Amino acid sequence: MITQWFFRHGDRRSLIAIIILVAVACLVPVLNLLVPDTSPFHVPTYLVSLLGKYLTYALLAVALDLVWGFCGILSLGHGAFFALGGYAMGMYLMRQIGPRGVYADPVLPDFMVFLNWKELPWFWYGFDNFWFAALMVVLVPGVLAFGFGWLAFRSRVTGVYLSIITQALTYALLLAFFRNDMGFGGNNGLTDFKDILGFNVQAGTTRSALFAATALFLALAVLVSSFIIRSKLGKVLVGVRDAESRMRFLGYRVDRYKLFVWTVSAMMAGIAGALYVPQVGIINPSEFEPANSIEAVIWVAVGGRGTIIGPIIGAILVNFGKTYFTAAFPEIWLFALGALFILVTLFLPKGILGLYGSWQARRASHAAQKDDEVLPPVVKQSSKRLAEPEPQAAE
Amino acid sequence: MKAKDTLLYLDGVSVSFDGFRAINNLSLVLQSGEMRAIIGPNGAGKTTMMDIITGKTKPDSGDVYFNGTVDLTGHDEADIAMLGIGRKFQKPTVFESHTVEDNLVLALSGPRSALSALFHRQSRDETDRIHEILYTIRLFEKRHWLAASLSHGQKQWLEIGMLLAQDPKLLLVDEPVAGMTDAETAETAKLLRDIARTRSVIVVEHDMHFVRELGVKVTCLHEGSVLAEGSLDHVSNDPRVIEVYLGR
Ligand SMILES: Nc1ncnc2c1ncn2[C@@H]1O[C@H](COP(=O)(O)OP(=O)(O)OP(=O)(O)O)[C@@H](O)[C@H]1O
Ligand SMILES: [Mg+2]
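Those sequence lines, one after another, are chains A and B.
Just so you know, the working numbering puts 232 at position 232 of the first sequence, and the rest follows in order with no gaps.
Just so you know, the working numbering puts 1065 at position 65 of the second sequence, and the rest follows in order with no gaps.
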């Protein structure tokens, strides 16, 4: 039925991406757990976690593209939602440690004992329950995004001003989470995790399971994004991106549409953060660094904004590059990233996927010429459609 | 004159931008079912008047009533659109990265809430209405084109089509024939006369041939207020109109 829906709505690319992700979710654990170390097909556990981390970044990128690529809201603070989801998961993992901490307190995490706290703060209640924590993973970023968006979109803050206040949001959270008395482990954050749902987080099987879960959540995010974008609501969003005030004169309450997609996007980012934390084994305030959010924007730009799967490709490629460069030439990584961003903005305004799109369109127009058919407008249409045009400022 | 029994009622409306009075004590009344042409030199305040009616600009003073009782100054753009006032912009504004058909889908009257849009499925009835409009605006063959690839004149027509899809009680049409050939201009005049049979229309236009073809009451604006009003012959023989506008 889902396949049918995709075909009816002509979103073959998303369907292919979902199939690949589901296949990867099955295959990588098999190659890690069942194929012996000696085989060239064996995927070592460190690589499973590394790939899992990339996929959580890809999920963040999909979330960001939903608001930026399709609705024109350039968020420079999506890392904040990612980090909040991560902290919610981290709090669960901390409480799973129980009496196995250095100070062996059955309830209080080590850092609280160290700070001489006697009681668990109220906002840590419930986090010993996985499902409560899982709810908070989406609820905390969702509620924050809703409140923030409600204020910002209703007062019609757009463009650069909105970008700046999203940046301020993540910076404010960075400063807050640095403080020890906030109760989130301050500078050091949350780490030394032991179990998740009763399984050892270090175990190869757990790591494979986390990887598979990440790939499946990413597939789900592609499905949800595709459903949103192909719906009439998605058309309204793209209309808002291209000519916001025109949309209002048609009777649409633009602020509510933005609020919807903004909140959905923040929840997706929260899930990405929650999957990230058990795979990297730590969450600390540096995840709120404004630079992190800006990096996420670069992934989307490189992959192709306004496409659903472009951001996935961008996030994975850029992070492969980052892993390689920071090991081989640590000094130049930031310059390489900066140069990449400039090159992409100048020469690939529609990202890698846009490049592929225009190549495909050129091929189509060659084919059309060969058939001696006079169909320029249709070709024009298909090429423009694949590489969605630059958003224009509302009049 | 009373606001009651009128479709649109502007009385003593003024608005200033940084001390400059773009609209100055403007009064204008439109009866239900009426079509009115508005002329006047550049900067007379024609577009600004439409901005006020559609809620884009709030007047500094004066009354703006729709349907006799609804105070438009207390509503925003989306509310006013839902009350039944549609607008075509001076610079044609369509959604360029959507197809012609999707532009009409977005404009089509119906629920506007985000939730209903998320689960919206186009009914047979809606498809028929869209196709009918596509034929009316002569863009049926081009319905799968991106709006960005239309010519200027076609964009004007698409925007008129969007107005039709919105199905408003009152249409505000700002310079609909700019950039059209004479033949297209004549077609547009015919289309607007058709539309005016069932709705009220305000048309702003500089093209006097076009205004003549509409054959309706004319209001000439100058420096933010009404300079002359009446039949086209009456207005175009007014010495003040000749001086500030026609005689140039
Ligand atoms: N938002 C604004 N801020 C400042 N000045 C404005 C604004 N909108 C309109 N004006 C000024 O108000 C005056 C009236 O402009 P308006 O666009 O209404 O003229 P118009 O009659 O539509 O002219 P045209 O025939 O050229 O379209 C102009 O001098 C314009 O510069
Ligand atoms: Mg004007």
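Hints are computed from structural coordinates only; laboratory data are not their basis.
Since we're looking at a predicted model, the values are computed, not measured.
For glycine and all other residues, C-beta sits at the position ideal for the given N, C-alpha and C.
One thing to keep in mind: the hints can contain errors.
[To be verified] Examples of chain A residues lying across from chain B (beta carbon under 8 Å, computed): (1) R13; (2) R230; (3) G239; (4) D242; (5) R256.
Under 8 Å, Cβ to Cβ, is where G239(A) needs to be relative to chain B, so tell me if that hint holds or is violated. Interface hint status for G239(A): holds (5 Å vs cutoff 8 Å).
Does the closest beta carbon of chain B sit nearer than 8 Å to the beta carbon of R13(A)? Cβ of R13(A) sits 17 Å from chain B, so the hint is violated.
So, as I understand it, the hint says R230(A) touches chain B; can you test that by seeing if any CB pair is closer than 8 Å? 11 Å, violated
Can the hint on R256(A) be confirmed by a CB-to-CB distance to chain B that is less than 8 Å? 5 Å, holds
Does D242(A) meet its interface restraint, that is, does its C-beta lie within less than 8 Å of any C-beta in chain B? 5 Å, holds
Of the numbered hints given earlier, the model fails hints 1 and 2; all others are met.
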